[in-house]
Amino acid sequence: MAPLTPYTYIQCPCSDASTLGRQADSNSPRSPDDDELDDRAFDPRAPRSNYSLYPLDYLNYCEDCQQIRCPRCVAEEIVTYFCPNCLFEVPSSNLKSEGNRCTRSCFQCPICIGPLSVTSIESPPDPSLLAAPDGAPAPHSGPYILTCSYCNWSSTEIGIKFDKSNSIHAQLVKLNNGGTTRLTAKEHRERRKEASQDRLAGPPSALAAAASNGGENNEELDLETQFANLKSFYQSQLADAAPGGSGLSSLNDLGFSSPTSLSRIMSLYTGGTVHNSRNKSRTGTMREALISDEGLQIASLDESAAIQHLHSIDYSETITTEQSTNQPPHLGEVHPHGTSRFASSLRPIPYLLRTKRSKRCPVCRHIISKPEAKVATTRFRIKLVASAYIPTITIRPLNIPSSSTPGTLPPLQPSQFILTFQNPRFETINVTLATPAKTPGRFSSKVTVLCPQFEIDANTDVWDEALKDTSDKTKLRRRGAAGDDGTHQAEAGKIWERGRNWVSIVVEVVPASLRLDLLEATAKEDEDVLEIPMFVRVEWEVDVGGDDVGTAPSRDKEQTEERELAYWCVLGLGRVGQA
Amino acid sequence: MSAATVSTTLPHRAVANIKSPGGGLSGPSTPLRGVASNFGSPSSLRAEEDLLLIEFGTRKLHIGFAGDAVPRGCVWFGPDQQRRVGDFRVWQMDYRDEWAKRESDSEWGKSHELWQPDVRDLDLGLVEDKIERAMREAITKYMLIDSRPRRMVCVLPSGLPLPILSATLDTLFSRFMSPTISLLSIPVAVAVGAGVRSALVIDLGWSETVVTSVYEYREVRTDRSIRAGRMLTEQTHKLLASRLGQSPQRPSTESECTKHVLSFEECSEIASRVVWCKASQHPASAKPEDGLATVEEQDESDVRTHPQGCDHAKTPIPLRSAATPETLELSYDQLAEPCENTFFDSQCSPRSFDDHELPLHLLVYRSLLELPLDVRAVCMSRIIFTGGCAKVLGLRKRIFDDVSQLIREKGWDPVQTKPSDKLGAASRLKKRGSRQGNSGPTGVPPDGAGEEEQDGVWHDAANTVPEADPVEEQLKRGRDRKEQPPVCGKMRAVESLGAWSGASLITQLKAPAIATIDRDVWQQQGAAGAGRVGDVDTKSQRQSVGPAIRGATSGSSWTLGVWGVV
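In order, the protein sequences belong to chains A and B. Here the UniProt record's numbering is used: position 284 in the first sequence is 284, and no number is missing along the way. Here the UniProt record's numbering is used: position 109 in the second sequence is 109, and no number is missing along the way.
Note that these hints are calculated values from the structure, not bench results. Check the hints yourself; a few may be wrong.
Claimed, not checked - Residues on chain B that point at chain A, a partial pick, calculated with CB under 8 Å: (1) R83; (2) R84; (3) K101; (4) R120; (5) S272; (6) L393; (7) L497.
Bear in mind that the values here come from a model prediction, so they are computed numbers and not experimental data. The beta-carbon is built from N, C-alpha and C at its ideal position, and this holds for glycine as well.
Turn these sequences into a full structure, and let the hints steer you where they fit.
In structure tokens:
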């Protein structure tokens, strides 16, 4: 087991249930724990805490609200949409129409998600392609394929070749696996229009015949076409439904025993003999789809061909869960159950677009972070990171008794750790720490913070640091030497070490024995990690005049204001070894 | 912080209002009339721009814009999602192999579920967190939208417990600031997605299989069984574990569910990749004998019987999560076992099952049997399979065939014990015989005298001029309008676009959802404020999912529809 590097997580105050939305009322079916949440010490082991804990680097800070802002409690705005592969900036208007994927020629390999490249195959002329009357091919052209340079997958494996080397996306949409062209919903509609014009002579018979044939008319529709057919069918039905009055006749009554629906049902049962003529027209109007042109699909349940195929292939030719989740929804698929379990049904994955987002404080609407709009730059115009406002906590071991397994803490023996708090602010801060005497969880260890209250000096100018450097170093060295020979003992109520803008204190822990609970077969994941919940309260004084950091210092320094920030954090000290 | 204050102060909200006139600022008086004329117009595109449509399942959620044919993204719930931010151990080399440490046996696979239907020991706060994180992932990765408040439509299983529903709504309202959320139930959405008004929706889901009869867009009956995806995965594990042990004498009962030797991910994957379902013993081609005989079975008649020879073909399955990596040789016959055991369990007698674990064909049959006659007639010819396990090859056909067979054997006789089988057959025979005997020579029914008296007129069948029957007229008119009588009484399966797409249709057609909840009302009242469906004045409650009428419901009563009341 890898030794654990000590870590610090910070809980964003936004996850406190009391600040969130609706107050839990006694009637509502919520877990009773929620009400007591405030009173309890924070338990880093609770499954919920995984959602509220963040490393310091992930946190932002709103200067105006003086509050930590985590990714959950910021409002985001999109700055740019772009394709991560070609870095093309996509206008936001395209997003609605063309979806969330790159519509140029950027594709990922469906097998290994590596990028695909377009290459031409200079194969001996393919008779089928020559037959296609698409002009004289240029000398270096010919059919193009997508190939993956990592796993050697190529689109020929699914029978897809392209005529042009550009706008692959548009070409791919029109191709089914195997190379057959696919009609889009629009083309279907046009085709149907033509057909219906043809049979305009006898409209009732045509439709009636089609409907009565039932199964034979069951043209296989792909998802997009079926959706379009259904939509136009419903729309025509609803338009027919009521010449005047409330147009939403039937869908209207979803799930309700409203008077209208009651009367409609009555009329259904009585065959439309309810006296009201309006009702009669209503019952007659909204019907169900009867033919595939209206979107009805009789299911073909016979999957023996697919089963046979499954039996004839290797396990590796079926697609993994990961591959299938990576597959974009394919509109050309016949029905959602999909036969998409064979590698032959995979399709190249167009790259998902990405966004650059700016973040705002949800309360005061000030911008917390704003990246440059250009795709290629990684700079930020504004970025208020929390590590510039709240103290950084670093942990290092001080005095750990030797353990049977190296890199772990011996149970039931006191170990000491040094916590170093570094103050990033330009004001002196007061830090108050609180920990539960015993860590929550099944294995509760004893924790003692030797110095729970201290002051850290301001983060002064860098030049000061440079000037002070020598003296600091000597001091440090002396301290370190003293620690080594054991004369420098950690004392309760005393700071261990102090520097320009940092203070170290000592925490003593007595890890619990993991053996206590051998009844339960194994410890859960990470249950052997000694984690200390610690409540950190930071107080500082600011000049009221110069509220904004970075502005000129205000003239009257007397007018100061007390500020405070309090939050839970979790210190992961190390794994507890087997005694 | 209330939605109203936020929305009025946000600068970008102003832009949003400009973009959709009649949106946020229009009062409750926005007239609904004249909507009908708008249906065909493409200009309605803008109105639904902001509508998010989310379908929640036990293991994944689908998200997209209402009006699209398919969802834009699908997020699976999994243990990796439940880690702390900044915890990158998923990428460690041996992460996958250390699965046993992460999941104790009782929780095998539980971390892949959003919720468990048993809410007694379910941490609802955790459900909220899971929903929130999955939603954030979906929004950032697939939807590419900002965190402006958006109206949402949720597609939920109709049997979702109220606490979970409440937790879901809480999350969406408080974390995503949605001004209104409309609820749609999965079976209705599936029916709409198939183009039918009535259907028997067989949702082969993850934690349970739900058979819902939808009649005229209403759910009239629901039956459920735990024989579903989770059980299939467990059965797959059982099969693999027993093969791993290679000991045929392995006692199956006491150790099968306690110790897991393979990771959930692997079993789930194998179940979805190679597990298949054998064809029915009774193909539907046999002539139906009962009242169904009027309609001939359609294209199911030429069932190709499966060539049994290739079932013995073996396939090597690499197992990585076992104690030592191993490759199992399994024949396809064996790979059909989990499916057989999960969904049919044919070696047990039908009487040995509890109500919650009926094999699927029995479940469907019983569900149909309990339906009123006309509902049954309509529903049985609109069977829709949906859900993740519908992907198991051959399973849909197997259920369909087995149900057809059950119907052929038993008819629609609710009494199913053995003696009654005989008795029933005997009495049916007798009846038939007596009828033939009676009507044959005389042509006068034995109780004909009574009828004469009742009618008062000697009825002369030959001379009865059909009086103007309004029913007939209506029917004729229907025929004139090119309408066909709906297909009834024969078994027929219909393909649906799925719940998400169905809901997308409903929303796009601006049909009102089952329930629409206002954020302010929810935050004030919670689920406790919901009224019963009947108590609510639907006219005032009902609001179009299209152009929003904000604040229309405040003050009036509202409902959670099929999800009930506290």
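Results of checking the hints against the structure:
{"no.": "1", "hint": "R83", "in the structure": "holds (6 Å)"}
{"no.": "2", "hint": "R84", "in the structure": "holds (5 Å)"}
{"no.": "3", "hint": "K101", "in the structure": "holds (5 Å)"}
{"no.": "4", "hint": "R120", "in the structure": "violated (10 Å)"}
{"no.": "5", "hint": "S272", "in the structure": "holds (6 Å)"}
{"no.": "6", "hint": "L393", "in the structure": "holds (5 Å)"}
{"no.": "7", "hint": "L497", "in the structure": "holds (6 Å)"}
Against the hints set out earlier in the document, a violation occurs for number 4 only.
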